[in-house]
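Chemist: Please build the complete structure, drawing on both the sequences and the hints.
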Amino acid sequence: MRNSSNMVLLTFFGSTFTDCVHIGPINLRCFSCYGYGHGKSSCKEASRCGNCSALDSHSEDYCNAVAYCFHCHDAHQVRSRRCPRYRLEQDILQLANSQFISLGSARHELL
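Residue numbers (mature numbering (1 follows the signal peptide of the UniProt record, and there is no 0)): -18 to -1, 1 to 93.
Just so you know, these hints were derived from the structure itself, not from any lab. Worth double-checking, as some hints may not be accurate.
Quick list of in silico lysine to aspartate or glutamate cross-link-like pairs, DMTMM-like style, CA-CA up to 25 Å [stated by the list, open to error]: (1) K26 / D43; (2) K26 / D1; (3) K22 / E42.
Modeler: This is the structure in structure tokens:
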């Protein structure tokens, strides 16, 4: 039987410990269309290259084009954690988690 508790048990492997641990949801990103809010298995959008954002089926592993992000129009890969859109999605999750509100409400507050 499980008991309700406010405690969390963390187990670390090895002798190196981190200064802090973030607990909460992570960005749900699709690795087919590189959109947010859904995963690859439920994606209904066209596939994109993760390097150049092209709407075709070439593999980013063999893409020789310059990196381009269709979210922010900057010169980095679509999945970059430096992308302002990625950071916005992180802020939305953090606000929703800390204020106990829906993702839609958090998105509305930040946009």
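Chemist: Now, for every hint given, state plainly whether the structure supports it.
Modeler: Now the hints, each set against the structure:
Of the supplied pair hints, the one linking K26 and D43 holds, its CA atoms being roughly 23 Å apart against a limit of 25 Å. Only pairs whose Cα atoms come within 25 Å are accepted, and K26 paired with D1 is rejected, the gap being roughly 40 Å. Of the pairs offered as hints, the one joining K22 and E42 holds, with about 16 Å between alpha carbons and a cut-off of 25 Å not exceeded.
Hint violations for this structure: number 2 only, all remaining hints satisfied.
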